[in-house]
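For the sequence shown, the tail end lands on 288 under this note's numbering, and the numbers increase by one without skipping.
Derived by calculation from the structure, the hints in this document are not laboratory data. Only a predicted model underlies this, so the values are computations on that prediction, with no experimental measurement involved. Accuracy of the hints is not assured; some may be wrong.
Beta-carbon label-pair distances, calculated as ranges [unchecked claim]: (1) Asp122 <-> Pro32: 24 to 30 Å; (2) Asp59 <-> Lys220: 17 to 23 Å; (3) Gln271 <-> Gly153: 17 to 23 Å; (4) Lys220 <-> Gly16: 30 to 36 Å; (5) Ser85 <-> Asp202: 35 to 41 Å; (6) Phe33 <-> Leu173: 19 to 25 Å; (7) Asn120 <-> Lys222: 35 to 41 Å.
PhoX-like mimics (lysine-lysine), calculated; alpha carbons at most 25 Å apart, straight line [unchecked claim]: (8) Lys284 <-> Lys69; (9) Lys99 <-> Lys69; (10) Lys222 <-> Lys108; (11) Lys101 <-> Lys222; (12) Lys286 <-> Lys108; (13) Lys112 <-> Lys101.
Positions of the beta carbon are idealized from the N, C-alpha and C atoms, including for glycine.
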Amino acid sequence: MQRALLEGLLRRLDPGAELIDSRARQQDDGTPFLAEILDGHIGYIRLGSMEAGVLPQMDAVLTGFDPKKVDAVILDLREAAHGGSYEVAADVARRFCAKGKLLFTVQKPSAKQERIFTSNQDPAFQGVIVVLTDADTSGPAEALAATLRQNAGAMIIGAPTKGGAAEFYDNELSGNLVLRVAIAQVIVPEAGPIFPDGVKPDVAIALPADVQAQIFRESKEKGVSQFVYDVERKRLNEAALVANTNPEIDSVQSVQRERGRNNPLRDGVLQRAVDLVTAINFYKSKQK
């Protein structure tokens, strides 16, 4: 009852204050870094968090993309809950934004208390950029998504983000409760503040939470391509005729048996991103 009363009061006072469970905060381990190449030319990177450890991992991946002619990057910021630092978010953005760009600022009520983040290096990747977001994308990840759209022409696909791009002060209360109060907000040039409304995607699409969680769990070991592409059906050929078999029938029966056991998982958000990259590259090829 006491918690309900506090939450009701906070909603009336300020969107910058909320109650959270300290136990949930301690158990949040985040999503691990993951990268692979899709369709031979699309780099997929799941950051997982905005901790400093992702930077050398990202640099190694981007360096590996160059000789493989990767011309597009899909940056997956789904499940990137509040955590990490805005310094790391800016460092990631610098890998994609042109030198000299104003990335974002972190502003406190006093105008003198403002931190400005700019791009001070040449980008490590120049090409098509697509960012994936969901309702859990928060904090530094939101700042990254917004500045990549503003300064690197990225398209954002997914769900509106949480609206937590701010700096907070945590005040420990009794009963495992924490009063979290926003003390500074992130502002992206021309786009404005992200807090508390979040970042709206260019293409709105979302997976059910349980489906996305399962895909993320399984992709840690199996990669993400299996959740994007359907298995190609075998076709009738000369060898099959000689052997008096029909691989098309066998393939259909195999798919039907598999569907009877369990519908195959598909990451519709990532599929949409791959389709967008394909469409952009097709359009560019027609312009040459």
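Cross-check of the supplied hints:
no.: 1; hint: Asp122 <-> Pro32: 24 to 30 Å; result: holds, 29 Å
no.: 2; hint: Asp59 <-> Lys220: 17 to 23 Å; result: holds, 21 Å
no.: 3; hint: Gln271 <-> Gly153: 17 to 23 Å; result: holds, 22 Å
no.: 4; hint: Lys220 <-> Gly16: 30 to 36 Å; result: holds, 35 Å
no.: 5; hint: Ser85 <-> Asp202: 35 to 41 Å; result: violated, 26 Å
no.: 6; hint: Phe33 <-> Leu173: 19 to 25 Å; result: violated, 34 Å
no.: 7; hint: Asn120 <-> Lys222: 35 to 41 Å; result: holds, 38 Å
no.: 8; hint: Lys284 <-> Lys69; result: holds, 16 Å
no.: 9; hint: Lys99 <-> Lys69; result: holds, 23 Å
no.: 10; hint: Lys222 <-> Lys108; result: violated, 44 Å
no.: 11; hint: Lys101 <-> Lys222; result: violated, 37 Å
no.: 12; hint: Lys286 <-> Lys108; result: violated, 48 Å
no.: 13; hint: Lys112 <-> Lys101; result: holds, 21 Å
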